[in-house]
Amino acid sequence: MNFSSAHPAWRLAEPWPAILVAPHAVDEPPDLEAFLAALAAKLGETVEVMEFLPSADEKHPWSVLVRLPGQPTPVLISCERTKRMDEIPPDLSASVVASRFTIVVESLLDGEDPRMIWGRLAMVAAVRPEAIAILDGATGRWFDRAEIDRDLSDLELGPPEDVLWRVQAVSSSENLEEGTVWLFTRGLLRCGLPELEMLEVPGRDAPAASKLIDALAGLLLEDGPAAPEIPYPLGPGIDVALIPWREIVETLDPESLGSEADRAALSQETPNPLQARRAAICDIEPKGSFKQVWTWPQNAVAHFARPDAAVYRSDVSTSRASAVARRSWATAVEALQAATPDTLLLAGIPLGADSLGRVEHAWLQVEQASTTGGTGRLLRGTLDGRSAGTSIEFQSVDLDGWRLVRGDHAIGPEDAIDPLGFVKDASVGGGR
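Quick note: the sequence shown uses our numbering, first residue 27, plus one each step.
A few of these clues could be false.
[Stated by the list, open to error] Label-pair restraints from in silico Cβ distances:
| id | residue 1 | residue 2 | range |
| --- | --- | --- | --- |
| 1 | Glu360 | Glu419 | 33 to 39 Å |
| 2 | Pro41 | Arg126 | 29 to 35 Å |
| 3 | Asp170 | Ala63 | 49 to 55 Å |
| 4 | Ala331 | Ala356 | 30 to 36 Å |
| 5 | Pro115 | His435 | 20 to 26 Å |
| 6 | Asp53 | Thr277 | 31 to 37 Å |
Treat the hints as calculated values from the structure; they're not laboratory data.
The beta carbon of each residue, even a glycine, is placed where N, CA and C say it ideally should be.
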């Protein structure tokens, strides 16, 4: 996605590509014609072959440049000998190490919806049943076959939007309670956006800060970034400011990570994404009377630490989450009926929009539930004046989320956990 009207501080000189790698469980390279036939059958449309590229050697059996229906930029598909890969998840390690050939897919996420383009590329990489998993080259995230079939292959919904980025954290101390954490995204540059980061975050606040970054990334995919120093709303009364990272590192504590030297050491890529266009998420005003210093958004992070936090979400996130929640609501109700009394069911519903058109989403603690809806009480007050505890009747067709909660544990419709198994798991639950 190219936000051509973005502030110069965030505008990218060149688009960054998306590269997906799929090791296959085959002894011989997949036949090119059979591969293209499987791809056309999956799409239900013709795949236009633009160019067959010459093979460099036996380690690169074939490469082809194609144009997919509805995708503005060509897609390069290559078959290569499987190379050594690092940080393979333990449950995939043996299969990936044994793989002899890999399909590599490369293109630009240049279009109105980079999420759907990414999903199309993932479908190409894993169109053959022999595909073991997919590795996203930008984020380093692995998707196993179950995730591919469950989350990435739904041509109607598309993949979750967070496949486009990943939040990574590096700490200045092995003990998170003693040190600070530098959190940053990987993957947004290929969407025409600056990467996001948050510096000098106390380790205990890292989980909530990561949630904030995820929420902001989804909103920026839809709206684009605000100009530096302009407050950007993440929820009712919850604003942050985006500041070019070089302005922040000048005032970093020497014990905190995120300096120029740290960025050079942590990435060997060329160009280095840690030194590219990046926006540090800060409080809306700098602190200090003598020297003004931009700091991490402490109040906003504290808001995201609350289980009932009211936040804005992108239309894509809301639409997909709503569809998944509605599909699985009956299973959540069945799980609640089979659960012990200490299990709670929360229902997420949309409320009215604010002056900017952003919809507030509220959580209800469900008191009565059926497959068609139920009643529940608001967990917190709303912008339209309804107080916490207000009883609201809802229909399942209006849901945009649900959560089953036992003690410190909770699951939702997009978690790969069976709700019935969750409520019956003796190891889950208990108080704080």
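Now the hints, each set against the structure:
Taken as a hint, the range 33 to 39 Å is violated for the pair Glu360 and Glu419, whose Cβ atoms sit roughly 21 Å apart. Separated by about 32 Å at the C-beta atoms, Pro41 and Arg126 satisfy the suggested range of 29 to 35 Å. A hinted range of 49 to 55 Å for the beta carbons of Asp170 and Ala63 is inconsistent with their spacing of about 25 Å. For Ala331 and Ala356, the Cβ-Cβ distance of about 31 Å falls inside the hinted range of 30 to 36 Å, so the restraint holds.
Checking the proposed 20 to 26 Å range against Pro115 and His435 shows it holds: the Cβ atoms sit about 22 Å from each other. A C-beta distance of roughly 57 Å is found between Asp53 and Thr277, which places it outside the suggested range of 31 to 37 Å.
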